[in-house]
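K.L.:
These protein sequence lines are chains C and B, in that order.
Using the working numbering, you'd call the opening residue of the first sequence number 13 and step up by one each time.
Using the working numbering, you'd call the opening residue of the second sequence number 401 and step up by one each time.
Quick caveat, the hints were computed from the structure, so don't treat them as lab data.
C-beta: ideal position from N, C-alpha, C; glycine also.
Be aware that a few hints might be false.
[Claimed, not checked] A few chain C residues that face chain B, going by a derived Cβ cut-off under 10 Å, partial list only:
1) THR60
2) PHE117
3) LEU119
4) VAL120
5) ASN122
6) ASN128
7) ILE130
8) GLU134
9) LEU139
10) SER142
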Amino acid sequence: MTENSPNIQQRPKTAAVGDVAIELVGINKHFGPVHANKDIDLKIRRGTVHGIVGENGAGKTTLMSILYGFYTADSGQILVDGKPVKINDSSHALELGIGMVHQHFMLVDNFTVLENVILGAEDSPLLKTSLAKARSVLAQLATDYELEVDPDALIEDLSVGGQQRVEILKALYRGAQTLILDEPTGVLTPSEADHLFKVLETLRAQGKTIILITHKLREIMAITDDVSVMRQGAMVKTLITKNTDPAELAELMVGRRVLLRVEKGEANPGDVLLSVRDLEVKDDMGVLRVKGVDIDVRAGEIVGIAGVAGNGQSDLLEAVTGMRQASAGKIQIKGKDLRFSGDAGGALVRKLGLAHVPEDRQEAGLVIEFEQWENAILGYQDDDKYGQGVFLSIAAARAEANEHIKKYDIRPANNRLKTANFSGGNQQKIVLAREMSSNPDVLVIGQPTRGVDIGAIEFIHNQIIAMRDAGKAVLLVSVELDEIRSLSDRILVMFDGHIVGEADPATATESELGLLMAGIEDQSATKPENNKERTK
Amino acid sequence: MEFFNSSIFMLDSSIRLTVPLLLACLAGLYSERAGIFDIGLEGKMLAGAFAAATVAALSGSALYGLMAGIGVSIIMSLIHGVASITFRGNQIISGVAINFLAAGLTTLLGQTWFRQGGRTPQLSGDARFTGIELPYAAELADVPIIGGIYSELLSGHNILVYVAFAAVPITYYVLFHTRFGLRLRASGENPKAVDTAGVNVNFMRFKAVIITGVLCGIAGAYLSTAQSAGFGNNMTAGKGFIALAALIFAKWMPIRALFATLLFGFLDALQIRLQGVELPMIGEVPVQLIQALPYVLTVILLAGFIGKAVGPKAGGIPYVKER
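Just chain C, with the same shape it has in the complex:
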């Protein structure tokens, strides 16, 4: 960058594609004892999509939050167009043309799209003119970048993809030249993700610079020009995307070789251990979420349920695991009916031999304020081996906890550490260790690797396969299609409360599954013979 134009507005005209738009030099950031960013150097070229990959806790989001002014760095320098700048808050970043789309959307749910777009960028004390202006700018942006949203819709009524478009529109409305996206596809369906990538390509073609934070290597390969890898707070390497491959990136991320594919042998299905018939489940609001579902899971097989989040999978899981009363239908665990009143279901399913790894480990799987050893026996605390009557044998519980730590490689290996202080992956291992160690016959797992690092994912997947090979019946629900495809022996696709299709993971393609997940009937997927109802 040779011209240091003081006027931000003129920058796009004077700058050329390929120049360094943003440069970070020696960035350091501590959170208490945690050194989140260590001496980070990074150059972002204008008009490119620059990927930043790394495991959870590698410091990607922290680094970008520093660039966006949400945090301030302890030391280091930020250069925008070659000029050193101090970014103390988000409004400063916005003035410099840097916008960010956060992983958790920064939107006010009960405001309209327009209100959200102008928030903080109002032109005058009265809203009328700003709203009118935003309306016309939004219409223009919608046609330029395929970012259509109804400007008068409430955020809470929009789909997740729609909310994300609003976030992008917010940044563009503020004149962002550089757009930071933090894990943008984590919450999207495959088709929504494709749409997002199309939008990003258009933005790049119009000269915008895009920084894409992700841990999905497929996305990095698909859309980025450059890619930087971070590990444990440090910048490992920046590469040209077309000169690298996923295996190399994974190795850089984790620091060792990683198998990206799950190795598993043939399944040997046995007797039906979990059987669901004509199941109907209502949610807290009384809305019917599961509308007549039949599922059989046999010993020694993994049945995966694919679907866009919110199509009844969560409610199905809750009913099967005794967390929620089914409104109709029958659930059998090893031939015994699941019948309970009140909140006795959780204990009952355990007694029948079903273990449950909940979708949301922090909400349903762990008491986050407990120490690890307490969580290690949670739900099994009444077992005889942990003491008699009202007494709890702390020694036995701690021994069990240490067993889990050793077998499941939970780090740090300290059963007295508060659960909240473990990383997401290790918290998940705490739950998995507890449930798998109870030696169940049926294992129900929701989102086994949500928010879990690549290294831990490999481990967790292998554990699930090992359970299957030990003759357990495994029911798996995940919004990660890749995960469903690589683990399952049979895939059921759920849409709008129905099982709309069954697919063989060996032959079904992603687009076939995507169509089913979107509720569009596809010829190639076989119809499960025991499903009476089908939706279009």
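Given the coordinates of chain C, work out where chain B should sit on it, guided by the hints.
P.N.:
For chain B alone, coordinates are given in the frame of chain C:
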């Protein structure tokens, strides 16, 4: 005609009893819409009432009294703000502390300064807000219906009454049609969205809390220098809490707040009216039972009638930027 006249009289006193509730309710609305729960409306009103009566008594000017009431109430608000915004303390506890502080201090200072058992000296003349005759009120007084409504119901109130009712549309406009209102509401719903949009959340919340102080101060001044002629011990008598109930009943909307407080004001007027009256079939109802009516209704309304009232999502949670 007899019934009409007594109805007008009832409504007239409803309006006068509604004013402090309405002001306090709107005060709470600003604060809670910005995400700061304020259980200390009562205390702020009480402190404002005491300050207004004291200064009015000493200066002989109701206006100076009003200014003092607002000033003291703002100071109380800022204490709440510093405790719960700057130092991220628990907003409920801070609010309760404000209530205790006000109840204790007003009694202590009142007794120390005036030695009348906590009362301030009787106010008269310019030291009180007196009624304003609207134009042609006297001429229209004898016109049937219209005269009753205009001359009795609408005319003859003091300036603070008109201020209170004018505050409703103003609040509505500010909240929903201005930049300030948009940011204020967003601060109470999702402060992170406000922060990432480049607006200082805590400063926003302080502004809201100061407006709360102003309105509570006016409400207090109304009680001691307009409705009564001086400050009496604990003269707010739970009005701050009823205002809070009305706020929830109104689901944090200004126009609904008007009707909610009017309802409570009407109940209060009814309660006064029913005292000593022989009811057909029932006979004379004990005065304590009648006095309890507004409070009983508060409980019933809050428990059963309004359904689920969902307040501002970020209400009660201090905004923490750094993790």
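K.L.:
Return the numbers of the hints above that this structure violates; sort them in rising order.
P.N.:
Violated: hint 1 alone.
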